[in-house]
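Visitor: Chain by chain, the residues:
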Amino acid sequence: MKHIRQLALGTAVAVGIGLTGAMAPAAQAQDSNYVPLLTYRTGPYAGSGIHIANGMHDYLKMLNERDGGIGGVKLALEECETGYDAQKGVECYEATKGKGALVYNPYSTGITLQLIPKAGVDKIPVLSMGYGLSAAADGTTFPWIFNVPDTYWDGASVVIKYIGEQEGGLENLKGKKIGYIFLDAGYGREPIPLLEQLAEKYGFELLQYPVPGAEMQNQSSQWLNVRRDRPDYMVMWGWGAMNPTAIKEAVKIRYPMDKFIGVWWSAGDDDAAAGGQDAKGYKALNFSGVGREFGALDDIQKHVIDAGLSTTDPETIGGTLYNRGVLNSVIIAEGIRTAQELTGKKAITGEDMRLGLEALNLDEARLKELGLEGFAHPMKVTCEDHAGGHPVFIQEWDGQEWQQASGWIEPMTDVVRPLLEAAAKEYAEKNAPWPERTEPCPN
Amino acid sequence: MFYREAGQFKTSYKSDQALFPILQDRIGMIAILLIAFVLVPAFANDFFLTSIMIPFLVFSLAAIGLNVLTGYCGQLSLGTGAFMGVGAYAAYKLTSIFPDANVIVMVLVSGVFSAAIGAVFGLPSLRIKGLYLAVTTLAAQFFLEWCFIRIPWLYNYNASGAIEVPHREMLGVVITGAEATPIARYFAVLSITALIAYLMANVLRGRFGRSWMMIRDMDIAAELMGIRPLRTKLMAFAVSSYICGVAGAMMVFFWLSAAEPSSFNIRLSFQILFMVILGGLGSLGGAFMGAAFIWILPVFLKFIPGIMGFNVAAETVQHATFMIVGALIIFFLIAEPHGFARLWQIAKQKLRVWPFPY
Chain X
7 MKHIRQLALG TAVAVGIGLT GAMAPAAQAQ DSNYVPLLTY RTGPYAGSGI HIANGMHDYL
67 KMLNERDGGI GGVKLALEEC ETGYDAQKGV ECYEATKGKG ALVYNPYSTG ITLQLIPKAG
127 VDKIPVLSMG YGLSAAADGT TFPWIFNVPD TYWDGASVVI KYIGEQEGGL ENLKGKKIGY
187 IFLDAGYGRE PIPLLEQLAE KYGFELLQYP VPGAEMQNQS SQWLNVRRDR PDYMVMWGWG
247 AMNPTAIKEA VKIRYPMDKF IGVWWSAGDD DAAAGGQDAK GYKALNFSGV GREFGALDDI
307 QKHVIDAGLS TTDPETIGGT LYNRGVLNSV IIAEGIRTAQ ELTGKKAITG EDMRLGLEAL
367 NLDEARLKEL GLEGFAHPMK VTCEDHAGGH PVFIQEWDGQ EWQQASGWIE PMTDVVRPLL
427 EAAAKEYAEK NAPWPERTEP CPN
Chain U
182 MFYREAGQFK TSYKSDQALF PILQDRIGMI AILLIAFVLV PAFANDFFLT SIMIPFLVFS
242 LAAIGLNVLT GYCGQLSLGT GAFMGVGAYA AYKLTSIFPD ANVIVMVLVS GVFSAAIGAV
302 FGLPSLRIKG LYLAVTTLAA QFFLEWCFIR IPWLYNYNAS GAIEVPHREM LGVVITGAEA
362 TPIARYFAVL SITALIAYLM ANVLRGRFGR SWMMIRDMDI AAELMGIRPL RTKLMAFAVS
422 SYICGVAGAM MVFFWLSAAE PSSFNIRLSF QILFMVILGG LGSLGGAFMG AAFIWILPVF
482 LKFIPGIMGF NVAAETVQHA TFMIVGALII FFLIAEPHGF ARLWQIAKQK LRVWPFPY
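Chains as they are written, first to last, in my numbering: chain X, 7 to 449; chain U, 182 to 539.
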C-alpha cells in the first residue's frame with residue numbers, strides 16, 4: 007500500500023507539472039513561419055497517412071535546408087498526431103493554433119468539417135487539398151477554406167466523363183450500371199449528390215456499396231453484391247486499409263480491373279500492389295506527379311533523406327501519396343511566398359496566408375522553377391473559386407507501378423459549379439447566422 | 182488527524198442526512214467548486230479549457246450515467262456511446278426545429294429521448310443478466326449507430342452525414358457554434374455537470390438509489406422485500422440513459438461542434454466503461470477520477486517530452502502514450518481492483534488516524 011501511495015503521489019506531481027506547462031502561454035516566435043502539420047502515422051489509416059505525412063514534411067524541411075526557408079525566413083514545423091480521429095484532430099488544432107499557425111491541412115474530411123466553422127473565427131485558413139467539403143470551393147461563402155486543385159465533385163465528374171469516353175460518348179451511358187463503393191463517412195458520401203444528378207442526366211443506374219469504417223477490411227459482403235449486380239463500371243472512394251482490401255476482393259471475384267476506377271485517394275502504390283499482377287489495369291484519378299524524375303525530389307533526397315533528417319523510407323519517394331504530400335507542401339510554400347510578396351512582411355500571420363492562398367498562381371513557369379515541371383497541372387485560385395476545377399489525369403497500374411494513362415481531363419465545370427454554389431448557399435442557411443464574407447475580393 | 186471527526190456531533194436529523202456530514206468534506210467540496218468556477222476560468226488558456234476541461238467534464242458526466250446503471254444497479258452495458266449519440270442527435274433535431282429555444286434547455290430535454298430509448302433496450306434486463314445483458318446492449322449500440330447513418334432525417338439530409346452545431350446565444354452570449362468562447366462553453370458544461378452530479382448524489386442515497394443497490398447486490402432478495410425488479414431496472418436504464426444523452430449532447434454542442442456517426446461508435450462505449458471501472462464502480466467521485474485518468478493523462482503524456490526538452494516524433498509519442506496508459510491501467514487494476522474511489526477511501530482512512538497508523 008505504501009508503494010501505491012507513493013506512486014499515486016508521484017503521478018499527481020507529474021500531472022501537476024504538466025498542468026503548469028500546458029497553462030503557460032505559448033511563446034510566439036517572430037523570426038519564423040509556424041506551420042503545424044496534422045498528420046497520422048498511427049491508426050487504421052496510417053497505411054496511407056504515413057506517405058502523405060512524409061511528403062509534406064520532407065518538402066518543407068528541404069526548403070529550410072536548401073534555401074533557409076521561404077523569403078529568408080525559416081519554417082517552424084511541428085507534427086501533431088491525429089490518428090485520423092476527429093476528436094484528436096480538434097485537440098491538435100486547439101493545441102497549435104495559439105502558436106501563430108499559418109494554415110491547417112487536416113488530411114481528413116471529418117476533421118475538415120469540424121474546422122470549417124472555426125477557421126473564420128480564428129482567422130486561420132484550412133487547406134483541404136482535394137478533399138473536405140466540396141461546397142467550400144465557393145470562396146464568397148467560405149473565404150477561409152481552400153480545396154485547390156479540385157473538389158470531390160470535380161473528381162466524380164471526371165470519372166463519369168472518362169467512362170463516357172470509353173463507351174464512345176456520354177449519351178451511351180444510358181442503361182449502364184455504375185457501382186459506387188465508398189467509405190461510409192463524410193468522405194465517401196460527399197460525391198453522392200453529384201453522382202445522383204449525373205445518373206439522372208445521362209440515364210445510368212448508380213449502385214451504392216457503402217463500407218463502414220470499422221468493417222473496411224471485411225468487404226466480402228459488398229463484393230458479393232457487386233458480383234450479383236454485375237455493374238459495368240466500378241468507382242471507388244476509399245482510404246487507408248479500405249483500398250487494398252477492395253482491390254484484393256475485386257481480383258477475387260474476377261471483376262474486370264480496367265473497369266475499376268478509384269478516386270485520387272485510392273491511388274496509393276500500396277493500394278494497388280495488394281492485388282499484385284492481377285490488379286493490372288486498375289485505374290485511379292490523380293493530380294500529382296507519377297514517379298520521381300523531378301528536380302525537387304532530387305533535392306529532397308540530397309538535403310533531407312541523405313542528411314538523415316527524415317524517417318522516410320527512400321524507396322517510397324515518388325509514390326503517388328508521397329508526391330501528393332509534396333504537392334500539398336508546394337501549395338503551402340507558394341501561399342506563404344505569395345503572402346510575403348503581397349504584404350511585404352517576412353513572418354506572416356494566418357490572415358496574410360489567406361491573402362496569399364487566394365492569390366495563388368502556380369503557372370507552368372513557376373512549376374519549372376521549382377523543379378516540378380509536369381508534376382501538377384498549373385493551378386490558380388481566385389477569390390470566388392477556391393478549388394478551380396483543375397484538370398486531372400487517369401493513371402493505370404501495370405502490375406509494378408503506376409503509369410499515366412490519359413491526358414489531362416477537364417471536370418464538367420458547367421454541372422459542378424452551379425451545384426457547388428447551391429450547396430454553399432444551403433450550408434450557410436443551415437448554419438445560420440453564417441458570417442458574411444468580410445474580406446473584400448481584390449479584383 | 183486531518184480527517185478527525187471527533188467533536189463533530191450531529192444533533193438533528195437534518196445534519197445527519199446532510200450530503201457531506203463531515204466538515205473536512207464540506208471544505209474540500211467548496212475548494213473544488215471554487216477552483217472549477219473561479220480559478221480555472223481565471224487562469225486557464227483556451228487549449229486547457231477546450232481540450233482538457235470540457236471533454237473531461239463531458240466524460241465525467243457520461244461516466245456518472247453509466248455508473249448509475251453498472252455501478253449502482255449492476256446491469257452491465259456496452260451501449261453508452263449510442264445513448265450519448267441519441268442525446269446528441271435529439272438535441273440537434275430539437276435546435277433545428279425550435280431555433281429560438283434556449284439551447285441549454287434543449288440539451289437537457291434531449292436526454293428524455295435518450296432515456297426513452299434506453300428504457301426500451303433495458304427491457305431484456307428482466308430476463309437476462311450479466312454478460313448476456315451486455316450483448317443485448319451491444320445490439321443497441323450497433324442498431325442506433327446504424328440509425329445515425331441510415332436515417333437522413335436525423336442529420337437534416339446533410340450531404341456529408343455529419344451534424345453541425347448552429348450558432349446559438351443565451352442572454353446575449355454566444356454559447357454554441359464556432360464563435361462561442363471556450364469560457365462560455367466551459368461554464369455551460371460545468372454548470373450542467375455539477376447540477377446533475379448534485380442531483381444524482383441525492384437520488385443515489387434516496388429510495389431509488391437504495392432499491393438499485395438492492396437489485397445489484399441480490400435481486401431475488403430485493404424482490405422478496407417488495408422491490409419490483411422490472412420497474413427498478415427500467416428506471417435505472419432510463420436515468421442512466423438520460424444522463425448519458427445529456428453528456429452526448431454536450432459533447433457535440435459544447436466541445437466538438439460537429440460530429441459524424443462514428444463519433445458514437447463502440448470505442449466511445451468502451452472508453453466510458455473503462456472510466457467507470459478504473460474510477461470505481463458505484464462511486465460518483467470515482468467517475469470524475471476515472472475520466473481524468475483516461476482523458477487528461479494521455480493529453481499530458483503527449484506534452485511531457487516537449488516540456489523536458491526531448492525532440493521525439495509525434496507518432497512515437499503516440500505509441501508510447503498508448504503503452505504507458507495501458508500499463509498504468511493494468512497496474513492500477515491489479516493494485517486496487519475497486520478503482521481510484523477505493524484508493525481515495527483508503528487515503529481518507531489513513532489520514533483519519535495519522536500519524537498513528539495501525
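Bear in mind the hints are in silico, worked out from the structure with no lab data behind them. The structure presented is a predicted model; accordingly, all values stated were derived computationally and were not measured. Watch out, some of these pointers could steer you wrong.
To be verified - Derived Cβ-Cβ restraints for the label pairs, each shown as a range: (1) 504/U - 315/X: 42 to 48 angstroms; (2) 183/X - 310/U: 29 to 35 angstroms; (3) 308/U - 230/X: 31 to 37 angstroms; (4) 451/U - 214/X: 26 to 32 angstroms; (5) 312/U - 230/X: 45 to 51 angstroms; (6) 504/U - 214/X: 54 to 60 angstroms.
To be verified - Simulated coverage check for chain U against chain X, where a stretch passes if three residues somewhere in it have a Cβ under 8 angstroms from a Cβ of chain X: (7) 203 to 210; (8) 223 to 235; (9) 303 to 310; (10) 357 to 367; (11) 377 to 391.
For each residue, glycine too, the CB sits at the ideal point set by N, CA and C.
Visitor: A separate judgement is required for each hint: does it hold in the structure or not?
Guide: The hints, checked one at a time:
no.	hint	result
1	504/U - 315/X: 42 to 48 angstroms	violated, 26 angstroms
2	183/X - 310/U: 29 to 35 angstroms	violated, 50 angstroms
3	308/U - 230/X: 31 to 37 angstroms	holds, 36 angstroms
4	451/U - 214/X: 26 to 32 angstroms	holds, 30 angstroms
5	312/U - 230/X: 45 to 51 angstroms	violated, 32 angstroms
6	504/U - 214/X: 54 to 60 angstroms	violated, 40 angstroms
7	203 to 210	violated (count 0)
8	223 to 235	holds (count 9)
9	303 to 310	violated (count 0)
10	357 to 367	holds (count 3)
11	377 to 391	violated (count 0)
Against the hints set out earlier in the document, violations occur for numbers 1, 2, 5, 6, 7, 9, 11.
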